[in-house]
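S.K.: Here is how the chains run, residue by residue.
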Amino acid sequence: MQFGLSESQQILKDNARKFFANECPITEVRRLMETDTAYDATLWRKMAEQGFTGIIFPEEYGGLGLGVVELALLMEEAGFALLPGPFFSTVAMAGSLIESCGTDEQKKKYLAPICNGEARSTVALLEASASWDPAEAQITETSGKLTGTKLFVPDAAGADSILVVARDGIFVAEARAPGITIQPMSSMDLTRKLYSVQFSNTPAEKLGNASALPQARQIATVALVAEMVGGMQRTLDITVQYAKTRKQFGNPIGMFQAVQHQCADMYLETESSRSAAYYAAWALQEKSSDAASAVSIAKIYSSDACRTVGNRGIQIHGGMGFTWENDLHLYYRRAKASETMFGDASYHRERLARLVIDAGTAVSQSAKSA
Amino acid sequence: MDLNLTTDELKFRDELRAWLKANAPKDWDEFREESMEKRFEYLRRWQRKLFEGGWAGISWPKAYGGRGASLMEQVIFWQEMARADAPPMANVLGLGLIGPTIIAFGTEAQKKRFLPKILSAEEIWCQGFSEPDAGSDLANLRCEGRLDGDHYVVNGQKVWNSYGWAADWCELVVRTDPSVAKHKGITMLLVDMKSKGVEVRPLRQMTGETEFNEIFFHDVRVPVENVVGKVNEGWSAAIGTLMHERGTFGAGLQIIYQRNMNRLIELSHRMQRNGRPAAEDPVVRQKLAQCYAEIEIMRMNQMRAFSRINATGVPGPEGSIQKIFWSELNQRFQQVAQEVLGPYGQLESGDDHAIDKGAWSYGYLRTRGNTIEAGTSEVQRNIIGHFVLGLPKSY
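Sequences listed follow chains P and V, in order.
Just add 2 to the spot in the first sequence (first one is 1) and you have the numbering used here.
Just add 138 to the spot in the second sequence (first one is 1) and you have the numbering used here.
Just chain P, with the same shape it has in the complex:
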């Protein structure tokens, strides 16, 4: 048993840190967030060359065949850099869904181009009800054609294909297929654009096996949590640096315990989120019996932590933290979007309650009666 990164995992993480620092510094993040799709073809090609776009997918489709832990490490570094654009939606959401639910044929058609960097994709899950429960999807398929509207679809405008969670299964539609209308939704996170996608008799192909949807969703959730951890780490680093240099009353403000203790809490929240994220990634990878609860635990903790870490970071920066020029609000915006995505802390607390309180017989068997 070893709850630390292996040498190769550490190398992957270090390389990703360097790669994003070089290829996507914060100036580039700011440039891309002002564009329509926050997508940059050159950056994407370089990421594909690194193997990032196929990191967890089987080698037969051109992927690297690594595990969920490696995906989490890569996402952590993407989050640290605040990587804009469709990487998360293409790889963690759509890619893992195709891999889990697609037939061999479909994987060749849709997954292989993701691995080699040729295609972007996304998943359309939410509708007007904003329910994260796939069973509540209203959009329906009739003789191979989809009709209905999806909301909050990340990165839809740059996607080549869109996976649609519908009432009667999971479908994949070409983004340029007839009857699709994609409209931007103006939202808080400037680096991950959201869209409404309307389908009107749009031809779509059904994925082979919808029963694997929960597994794919959990992988995407863990990837998101890892990305949140990276954002928290960056917020902490920026804040500690500021607290060491900003002077008031003749001293660095980091000398004052009121400031120092906030930084200590940011550290505690970041590290605890990281433990939970790594554990959940490992549990999913190994299909451990507590994987479902581990994913919710990670999302519960990090959803609250990424908000409080952001709050503390901005507070410590004082007026500067409230300016557009300071980078913290970019992380703060992403943190709020991520907090909501796939269910916030309250949503996952209820999910965990169903797993461990209602099905509590197994848990409470070990407890003694009075």
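Be aware that one or more of the hints could be misleading.
[Claimed, not checked] Simulated crosslink set (SDA-like; lysine to any residue; CA at most 20 angstroms straight-line): (1) K249/P <-> P530/V; (2) K289/P <-> D140/V; (3) K495/V <-> Q476/V; (4) K20/P <-> E61/P; (5) K531/V <-> Q243/P; (6) K289/P <-> R205/V; (7) K147/P <-> P136/P; (8) K531/V <-> D239/P; (9) K255/V <-> R205/V; (10) K531/V <-> F251/P; (11) K149/V <-> R221/V; (12) K334/V <-> D357/V; (13) K164/V <-> Q217/V; (14) K249/V <-> E363/V; (15) K531/V <-> Q250/P; (16) K531/V <-> K20/P; (17) K289/P <-> N142/V; (18) K320/V <-> I493/V; (19) K531/V <-> R248/P; (20) K164/V <-> V517/V; (21) K15/P <-> A449/V; (22) K322/V <-> V369/V; (23) K289/P <-> T144/V; (24) K15/P <-> K164/V.
[What the hints assert, rightly or not] Covered stretches of chain P, going by a simulated chain V footprint (3 or more residues, C-beta under 8 angstroms): (25) 3-16; (26) 166-172; (27) 297-311.
Keep in mind that the hints were calculated from the coordinates and are not lab data.
Think of the CB as a built atom: it goes at the ideal place given N, C-alpha and C, for glycine as much as any other residue.
Given chain P's structure and the hints, the job is docking chain V onto it.
M.R.: For chain V alone, kept in the frame of chain P given last:
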């Protein structure tokens, strides 16, 4: 990263699991209303049994009665103890803090003399660190150790000494050189509590118990061979102990937390709220799930920390997050328990209507001390701020 057990770890776990199934006592909860002394004797017998079975001091060297296994097996040990719902062990400070300090800083003779009896609970240990004027500012301690031939003569007072009333030995820090900077003239001594001039006085806590003590030393003679580490360099040994206290000590608490959580879930199905079981109340569910999540994260943090210690050899200052986490979580948990139990939560031991013999009112009051004992939350945050994050020292 691989949380799967290795073949050796698996073998260890299976053996331990079988042993616990056959040997772990089932009647610990029934001792809830017995005297502190009787409860302690119970845990002492249980530790003795673990020792005889070869299960005390998992990661301690074989030569001194330990098992010579890795820290990861130590983690597995706590997990299995929790799973078996086994009672904790008696010699808490000896096992968690003082033994590891002797292993790291002690002489060969000290290791041979003291370690096996810590493991068997034959000798119970307490710590003599805090003083009336040296709490968070521990290095300000004044209890004096004056060299007289081949003995140190100790004079002074210590306070907040858990298990002082039960202790056979004390890990004591004294000032041996008042002429140098406060961190420099400190020496660590191992003191026989039966020595002439040692006086233990009970301190009654807000729970009504007298877990803590004051210890007075009047011309107590301690042989020089009982110095741990070097004379006047006791601060580093003391910090070693405190790192263990913060970093690894919490692992043993997992048993208690998981037991409590399981029990509270069970009670939440029974207690009524708004005409239905509390477990069906959406607000209670949120709070229970939050506690459950945090107890799991405490375990994950500890597993990560242990892996790091396993690789580097010593706990570092980042262990302070464990201390903050377990202490504050325990307080939040007890508050949730109070909400689940409603008016029953306040009933104390001895009341006919009390649930679990008053364990919950006791727990609520006792955990209030968690963020103070073993270094306050404020001191832990100072440590993280300065030693981990590199912020300027605030004091």
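S.K.: When the hints from earlier in the document are held up against this structure, which numbers fail?
M.R.: 4, 6, 16, 18, 20, 24 and 26
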